[in-house]
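Single-letter residue listing:
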Amino acid sequence: MEEIPFTEEQWIKFAQNKELKYVECQNCNNRVIVPAPTCKKCGSRDLAWKDTSGAGTIYTYTVTSVAPPELAAIAPYVAGIVELEEGIKISSLITGVTLGPTPPEDLIGKPVQLDFLELEDRKLLAFRLAE
Amino acid sequence: MKSELDRVAPPLAREPIILGAGQTAFMGGKVRTKTLRDLAGEAAAEAMEAAGAKAEDIDLLIVPQAMGGIILNQANTSPLIAEHLGLVGIPSIRLENACASGSVGLHTALTAIEAGWADTVLVVGIEIMSGISTAMVQKVLSAGGDATYEVPVGATFPGLYAMFGTRIIHEQLGGDFKQGMEDLAYIALKNHHNAQYNKKAQFPFTIESLAQKRGVDDVWEFLNNPEFNPIISWPLRLFDCSPTTDGGAACVISAKDTAASYSGFAHGAQIIASAQSTGNMPQSLAPTLSSLPAARLAARAAYNRIGLADDPEAIRKRVSVVEVHDCFTSAEVLAIGDLNLFPRDETLAAAREGRTAIGGEIPVNTSGGLKAKGHPIAATGLAQIYTLFEQLNHEVAPEVQVNDIDLALAHNVGGTGGCACVNILQKV
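Going line by line, the protein sequences match chains A and B. Its first residue numbered 136, the first sequence is counted upward by one per residue in the numbering used here. Its first residue numbered 38, the second sequence is counted upward by one per residue in the numbering used here.
Chain A on its own, in the form it takes in the complex:
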């Protein structure tokens, strides 16, 4: 069987297939979201792709009104950094937040679950705020 390469391009391919994966070093267990040919911590080449559980909490967030052209269709939107159960922090869109005229309550620490967003032909990494 051909080995799946530990490349950023491969991570993007997984994400476009709505899979959020990370690379785990089989020598020192260091986990990274940005793949590299060797472990950043111990230098080992003994690596493995792993699935995230999809569970995490909001580390920080923003509500963007003035959106870049690629995201204008979903503005205003919530974007943030999610801390995964596996201990990895990653930038992501956050869905399921009710946006009223007043700012949202402090969402830091709230639980979220993996939820890709489809926008035209792109799959965007998103996490949904737990009800």
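Don't take each hint at face value.
What the hints assert, rightly or not - Pairwise CB distance ranges, derived in the manner of DEER restraints:
1) A:K148 to B:G252: 52 to 60 Å
2) A:P238 to B:D75: 42 to 50 Å
3) A:E138 to B:E350: 55 to 63 Å
4) B:E350 to A:E154: 48 to 56 Å
5) B:D347 to A:K176: 21 to 29 Å
6) B:I107 to A:K258: 21 to 29 Å
7) A:E144 to B:G66: 37 to 45 Å
8) B:V174 to A:S179: 38 to 46 Å
9) A:K148 to B:I343: 23 to 31 Å
10) A:K148 to B:V174: 26 to 34 Å
11) B:T325 to A:A207: 26 to 34 Å
12) B:T325 to A:E266: 28 to 36 Å
13) B:G168 to A:Q151: 46 to 54 Å
Treat the hints as calculated values from the structure; they're not laboratory data. In this text, a Cβ means the ideal position worked out from N, Cα and C, and glycines have one as well.
With the hints as your guide, set chain B onto chain A.
Leaving out everything else, chain B in the frame of chain A:
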């Protein structure tokens, strides 16, 4: 292997001295009035004149330039500018580290001087951002971020600085965003207050005067009205953001043994510490989002280099005036914490309490900062040096002049913390 100190803030054995500095007026808007050549020519002429240097004195030209490749389809900028400045023949480099390009250019000039490859270096930072569509502005602002892990999912430049703001307000105020956003607005009020005395600032007026012009007497009524101060990326509003700017800034640096022969030596400013550090990218990998680790490391190393204790009171005793990278108001909060000017939990309210104002405990951004002076990306770091050079020589308006300056400090950040520089200057 070098120590952290020797890597980040290397020894400056040749005692580099800034002989002269220059800055164009900063401007922006729909209509472009200058080219890259025009800006470089203007900034360099002022710096060279102040230094008392001629073209034949320059051993190396460094041109910090960030976005010309995208906006103007103009790369290969160093020969373009070298030719224009009469410097054909000498080595030249165009250099890009996003918004820290200017300071990285200065730091790189010092590496050449310390190596003995150059005695005297001209650094000219230039940026054009006017006359482009809003979509192009967005594209340019995204270019400093991570094109895979950040930009597609909304972690844009304003978006990430907003996330820093959210995290800071969460940590310092338990999530009281009303007060937190007011604290941030005080930073904008202070920087605009300072900018009114800076004749080269893009916005040389107070927010109070702008409010009155729009028929609103109470500045808080103005700032809390979404018509005047709309949300950009909550909790950041329009008046929390620096503008897009055209501008150039330059300086001439020479080793002490060669500097003495220039007329500029009499008003020279010695660089006693120059620190450059790299942070995480994507920013989500950083251990914290209420500090920029690269800036903290650069500050610690710079203080260490000059034997200054990394302690707020000790720092404020010696550092008299500071220019920090306030591309957003939340960035100024990060900056004064990373520079350790105040204990971390006192940084958000520092401007509200007047501690960073002229006459306060430590004046921050006497030029108006990026917020009101303007932010021509690759020129910004050198424009900070220009302001400090003027401060050290008592050349700024009396209303913003800091007296009895011991040390002057510049803090410049690239992107959302991927690069950070801290330079400390002292009058020769």
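Flag every earlier hint the structure violates by its number, smallest first. 9, 13
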